[in-house]
Amino acid sequence: MAGNGAAPDQRAAGAPMIVFESVTKIYEPRVVALREVSLVIDKGEFVFLVGPSGSGKSTLTRLLLKELDPTNGRIIVGGRELNRLKRSKVPLLRRNIGCVFQDFKLLSDRTAFENVAYALKVQGESRAAIRAKVPEVLGLVGLAHKTGSLPDELSGGEQQRVSIARAFVNHPPLLICDEPTGNLDPDTSVGIMQLLYRINRTGTTVVMATHDREMVDKMRRRVIALEDGQIMRDERRGGYE
Amino acid sequence: MRAKLFFSEAWRSVMANLSTTVAATMTVLIGMFLLGLFIALGTWVLSWTGEVKKEVQVKIFFDTNATQGQINSVGSKLATFPEVKSVKFVSAADALTKMQKQYPDLTSGLSGNPLPPSYEVQPKTAEQVVELAARFEPVPAGVESVKYGKKTTERILQVAKIIGGVFLIGSIILLTASVILIANTIRLSIFSRRREIEVMKLVGASNWFVRGPFILEGLICGLAGSIIAVILLLVAKEAALPSILGRIQSPGDDVSALSFPLIALILVAVSLVVGAVGSGVTLRRFLQI
Chain X
1 MAGNGAAPDQ
11 RAAGAPMIVF
21 ESVTKIYEPR
31 VVALREVSLV
41 IDKGEFVFLV
51 GPSGSGKSTL
61 TRLLLKELDP
71 TNGRIIVGGR
81 ELNRLKRSKV
91 PLLRRNIGCV
101 FQDFKLLSDR
111 TAFENVAYAL
121 KVQGESRAAI
131 RAKVPEVLGL
141 VGLAHKTGSL
151 PDELSGGEQQ
161 RVSIARAFVN
171 HPPLLICDEP
181 TGNLDPDTSV
191 GIMQLLYRIN
201 RTGTTVVMAT
211 HDREMVDKMR
221 RRVIALEDGQ
231 IMRDERRGGY
241 E
Chain C
1001 MRAKLFFSEA
1011 WRSVMANLST
1021 TVAATMTVLI
1031 GMFLLGLFIA
1041 LGTWVLSWTG
1051 EVKKEVQVKI
1061 FFDTNATQGQ
1071 INSVGSKLAT
1081 FPEVKSVKFV
1091 SAADALTKMQ
1101 KQYPDLTSGL
1111 SGNPLPPSYE
1121 VQPKTAEQVV
1131 ELAARFEPVP
1141 AGVESVKYGK
1151 KTTERILQVA
1161 KIIGGVFLIG
1171 SIILLTASVI
1181 LIANTIRLSI
1191 FSRRREIEVM
1201 KLVGASNWFV
1211 RGPFILEGLI
1221 CGLAGSIIAV
1231 ILLLVAKEAA
1241 LPSILGRIQS
1251 PGDDVSALSF
1261 PLIALILVAV
1271 SLVVGAVGSG
1281 VTLRRFLQI
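Protein chains in written order, with our numbering: chain X, 1 to 241; chain C, 1001 to 1289.
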């Protein structure tokens, strides 16, 4: 993204990772998903997005990936203004953003290794680089012994670890998680959260949309609460409520 | 490097979705087999009508006592008509020889030669035969009659026109049907994998990176289906055709279908184009993520 990945303790320094300037998103004909949302997220931050279903969390994450375009307002991610980003450059943007989803979104006919390798293949990485990086990142998420397993043969928590490995294998400056623990039991969720926390400590900015009240209260990180498409609360060390 | 990657991705998806691949290949196979059969049959019939049309000609019979001068003057007049393709003079002796060959019984008892000399005039196209005959109205001196088999000619021309039309319309319908059928099968196979495409896009695959293997897969199905169709057609041609043709009286050696390699080429080309374009066009909808 904007040059060298920021070190963990340079939070305030340099350009912010994400800037929303009075962003409005209206789904035609007249569903207002986001209403004049403005926010700044610095490099290296760990941010929870909370709010009830339909409050605009998913819309916000999809705007970051340029899956959607805002109806109004400006979005800047890693120094790139998304409104001005050409369609053909969208793949480049996404290679610099790792995403983790509630439903994992793994390719079901590929092993854990191949799923992670795919993220490298799309950007033309060499075979040698793939062979070096994939086992490393699968080891990092604690799946060194399951590289040859298909998604069906893995538990939910393991599948989510594969998807985190895929998101992180490029060491992107930004990781977006849309309810990553939504389908997992509490114990497994803790493991996933620890993993995300470790990734955050390498300097990666993490934005996580979640319903997991307990987790948010325990982590004491920045919390942005959305309701009806508006920011109700933005606290540095907040809880769920 | 990239081509190799595309090919390995395409191959893996062919193997992973074997049932849809087989379905698409079979669709191509059936469509192309029928199309090939129709083209072969159609061009054969067209060539046959063409041959029949060539036999349409104007015959100018002279009086048995017409002078050489009168014959020559008609001959030189014929040379100036633009519709005329070729003129053949049949002398009284030639006519008799021909008659004797065809009907030896009838001509065996003849003492003299009752047959008149004549011109056999071939027009450039069969349709011009009527105009050509009209130019000898009223008949010039020394000419006994001008004949062109009015009823037969008109009938032949009409039938040829209908056959041509049927062939053309049939080909278009068959071609359209196979294209739609093949495109639809491809669409189904892609639709069943739209989630996969979404994931590819979200991890940053460019449109061409997603499209490449799919198009290659379409090409593979098209190639496999059309090659099998060509092989089946070849078998049909070698095994079935001789026994059928033995029963049909061929009007001339010049009657033939479009050459087999050309038909094969058309079929393979059509399948490849449909396979690739079908995949590419269908994908467009799913790539807009």
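By construction, these hints were calculated from the structure, which means they are not laboratory data. Mixed in with the good hints, there may be bad ones.
[As the list claims (entries may be wrong)] No farther apart than 25 Å at their CA atoms in a straight line, the calculated lysine-lysine pairs in the DSS-like style are these:
# : chain 1 : residue 1 : chain 2 : residue 2
1 : X       : K133      : C       : K1124
2 : X       : K89       : C       : K1124
3 : C       : K1124     : C       : K1053
4 : C       : K1053     : X       : K121
[Claimed, not checked] Derived contacts from chain C toward chain X, CB cut-off under 8 Å, selection only:
#  : residue
5  : V1014
6  : A1016
7  : L1041
8  : T1043
9  : E1196
10 : V1199
11 : V1203
12 : G1204
13 : A1205
14 : F1209
The model shown is predicted, which means the values in this text are computed figures rather than measured ones. Every residue, glycine too, gets a C-beta built ideally from N, C-alpha and C.
Against the structure, the hints:
1. For the hint linking X/K133 to C/K1124, the alpha-carbon distance of about 77 Å lies beyond 25 Å, and the restraint is violated.
2. Distance hint between X/K89 and C/K1124 is unfulfilled; the C-alpha atoms sit about 64 Å from each other, more than 25 Å.
3. Taken as a hint, the C/K1124 and C/K1053 pair is honoured in the structure, with Cα atoms around 10 Å apart against an allowance of 25 Å.
4. A hinted pair counts as satisfied when its Cα atoms are at most 25 Å apart, and C/K1053 with X/K121 does not qualify at roughly 64 Å.
5. Because the closest C-beta pair between C/V1014 and chain X is about 12 Å apart, greater than 8 Å, the hint is violated.
6. Look at C/A1016: its Cβ gets to within about 5 Å of chain X, closer than 8 Å, so that hint holds up.
7. Interface restraint check for C/L1041: the shortest CB-CB distance to chain X comes to about 44 Å, outside 8 Å, so the restraint is violated.
8. Proximity of C/T1043 to chain X is violated relative to the hint, the smallest CB-CB distance being about 45 Å (cut-off 8 Å).
9. A distance limit of 8 Å between C-beta atoms decides the matter here; for C/E1196 the minimum to chain X is near 6 Å, and the interface restraint holds.
10. Interface hint status for C/V1199: upheld, as the beta-carbon distance to the closest one in chain X is roughly 5 Å, under 8 Å.
11. Evaluation of the C/V1203 hint against chain X yields a held restraint, the C-beta minimum of about 4 Å falling below 8 Å.
12. Checking C/G1204 against chain X: minimum C-beta separation of about 4 Å stays under 8 Å; hint holds.
13. Satisfaction of the interface hint for C/A1205 is found here, the shortest Cβ-Cβ separation to chain X being roughly 4 Å, below the 8 Å cut-off.
14. With its C-beta approaching chain X no nearer than about 5 Å, C/F1209 sits inside the 8 Å limit, and its interface hint holds.
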